[in-house]
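Colleague: Chains as they are written, first to last, in my numbering: chain A, 1 to 342; chain B, 1001 to 1262.
FYI, nobody ran anything at the bench for these hints, they're computed from the structure.
Glycine included, every Cβ here is placed at the ideal spot set by N, Cα and C.
There could be a bad hint or two in this list.
[To be verified] Chain A regions said to be covered by chain B (calculated; three or more residues, Cβ under 8 Å): (1) 217-230; (2) 238-246; (3) 281-292.
[What the hints assert, rightly or not] So these bits of chain A aren't anywhere near chain B, every CB distance computed over 10 Å: (4) 23; (5) 44; (6) 50; (7) 117; (8) 124; (9) 130; (10) 142; (11) 145; (12) 170; (13) 177; (14) 302.
[Unchecked claim] Non-contacting residues of chain B with respect to chain A, defined by C-beta distances greater than 10 Å in every case (computed): (15) 1028; (16) 1140; (17) 1186; (18) 1213; (19) 1237.
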Amino acid sequence: MSTDHFPIAPPLVNRQLPLLLLLGIIMAMCFVFALQMGTANISILSAISDVINHRESLDALILVEIRLPRSLLAITVGATLGMSGAALQGLLRNPLAGPGLIGVSNCAALGAVISLYFGLSSLFWFALPLAGMAGAALSVILIFALAGKSISATTLILAGIAVNALASSLTSLALNFAPNPYAMSEMVYWLLGSLTNRSLNDFLLAFPFMLLGWGFILASGRFLTALSLGEDTAKSLGFSVSRQRILLVIGIALSVGAAVSVSGNIGFVGLLVPHLLRPLTGYEPGKLLAASGLGGAILVLLADICVQWISPDQELKLGVVTALVGGPFFLYLIIRTRSTMP
Amino acid sequence: MKVQAKNISLCYNTCPVLDQVDFEIAEGELVGLIGPNGAGKTSLLKILAGIQQPDNGELLIDGARLDEINRKALAKKMAYLEQGAPAYWPLTVQRVIELGRMPHQNPWQALTDEDHDIIEKAMVTADVHLLRNRTVTTLSGGERLRVMLARIFATQPNVILADEPIAALDPYHQLQTMELLKQHCKQGGSCIVVLHDLNMAARFCDRLALLNLGELVQDSHPEALLNSNNIEKVYGIRAECIRNDNGLWIIPKERTHWDEKT
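Could you build the full structure based on these sequences and the hints that come with them?
Modeller: This is how it looks when you write it as structure tokens:
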């Protein structure tokens, strides 16, 4: 058959870079805006110049000790949740998957609750994030123990359900036997998810683990794209499916564990963001990863700005806001995909 | 490239699927795997593609054991068409065919001009260039099979392993697909196809391997294998086998194994 009648289309322009640039610019704008948010009325520019010139001023102190850690955490936690949501949806080939699904979030939360229960965080400041990451690591070990080494997508989900159930029942147990009302309210508030009163040290402790996890996830991009054609075809394209799957789950556990251990449970970001951005990346799971990272950062920054704007006295928790927006959206998603899912 | 499977056995849980099967294919051969449903055709094809590990036996590719071979290097030379040609996300047809270049690409490398030429050619060869901007999940089963066939041609493999590549195709594209596979073999490649259409198998294949209940019943030239005796024994049907100048024609008449098959 001849091609004369059909002009050969120019190779599809790689539309990924403009999208990432656009998302990056929006994220930077949100970041700058988030630095302005807060009860104290400070000048960001003079605060920055104070920091650069090592002048000790109240503005510089508020910027570095309060607003910067909070905004940086919003970006990194959001990026982690968005990216791991996109990775899990690609891995399980299901748009309804999220980082909460394989039990990592709940186990990290359990670790943190245990450290609050025993008052460990008053002994040393990094007890809470450390316990959170230990919980996340435990969830991965449990999942592999339950599902075996060559796990199928279905076994992974089932193992996740089991791990989730175990973690939330133990969390309830800790709440049940809380030593005093203060410890109880501390645990409950922490579980609701928030970025208030986090220090630069919290960020610096969690960041390397998140960064490492991102590395694992982003390196799986090509594998996830090949997986769009099924596991057998991905294998025939040269990917070791079981090995790639393990690396991906480790990456998700590292980054989500670190994120949850400093922020608590911030739900629905990992579900919402990939779904919104998927059409813009040509439905390609590999390209969706970086875009969802930036999108998640934007969403959490915006949600945190909203929280501070609606209730400056900081009673409203970030996790409550994302769940209030995400819950109805999740229902809408189920109703819409109901007809197309097998 | 020569692919040899020696003494292959496979069980799912305790249910034997393949029992001590020996099979090999040399350069230039088009071999059909035939047999009734559940005979073990797909399992054997997956083992030959290195996708599934057999419980016993070994797979040799050009004399080398599978675990001695780099998976990516193998993917350049061997392509696999999965039964039903699944696609889970609504990628464009062109993008799906571009995935066929994956084994040749380095991780962060974009497609080169040469890659694009190969992709264009593959699309024209498999007659899917008009579908290039459609999303693959909106295609019919037959169209999707042809898109996946184009993806395989984009890989430029030596060995093609295809699981029911013509099952959902119209007669025009059935003939076209078999001709393309035949042409691939004439150019020095080889091809293993799972087929249910015995007439197509008789007409295009150089050799047929007849499987039944996980055992290799016979492995020989189509003329020697396709006779009413074999067909009745394995498929449980009485069929008329007509030999004329145009070749061998098989016309299924009636079921014989009433009690066993129903």
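Colleague: Determine whether the non-interface label on residue 177/A survives the test: each CB of chain B must be over 10 Å from its CB.
Modeller: Correct as stated: the minimum Cβ-Cβ distance to chain B is 44 Å, above 10 Å.
Colleague: Quick check for students: does the CB of residue 170/A sit more than 10 Å from each CB in chain B?
Modeller: At about 34 Å from chain B, residue 170/A clears the 10 Å cut-off, so the statement holds.
Colleague: Beyond 10 Å from chain B, beta-carbon-wise, is residue 142/A?
Modeller: holds, 25 Å
Colleague: Determine whether the non-interface label on residue 23/A survives the test: each CB of chain B must be over 10 Å from its CB.
Modeller: holds, 20 Å
Colleague: Could you check that no beta carbon of chain B comes within 10 Å of the beta carbon of residue 44/A?
Modeller: Residue 44/A is indeed farther than 10 Å from all Cβ atoms of chain B, at 37 Å.
Colleague: Taking a Cβ-Cβ distance under 8 Å as contact, does the region 238-246 of chain A have three or more residues in contact with chain B?
Modeller: holds (count 3)
Colleague: With d taken as the least Cβ-Cβ distance between residue 124/A and chain B, does d exceed 10 Å?
Modeller: Fine: 41 Å to the nearest Cβ keeps residue 124/A off the interface.
Colleague: Should the label of residue 1186/B as a non-interface residue stand, given a Cβ cut-off of 10 Å to chain A?
Modeller: holds, 19 Å
Colleague: Please settle this one: residue 1028/B was flagged as non-interface, so is its CB more than 10 Å from every CB on chain A?
Modeller: holds, 22 Å
Colleague: Test the statement that residue 1237/B is away from the interface with chain A: the closest C-beta pair must be farther apart than 10 Å.
Modeller: Given that every Cβ of chain A is farther than 10 Å from that of residue 1237/B, nearest at about 31 Å, it holds.
Colleague: Can we trust that residue 117/A is non-interface, i.e. its beta-carbon lies farther than 10 Å from all of chain B?
Modeller: It holds; residue 117/A is separated from chain B by about 43 Å at its closest Cβ, greater than 10 Å.
Colleague: Should the label of residue 302/A as a non-interface residue stand, given a Cβ cut-off of 10 Å to chain B?
Modeller: holds, 27 Å
Taken one by one, the earlier hints all hold for this structure without exception.
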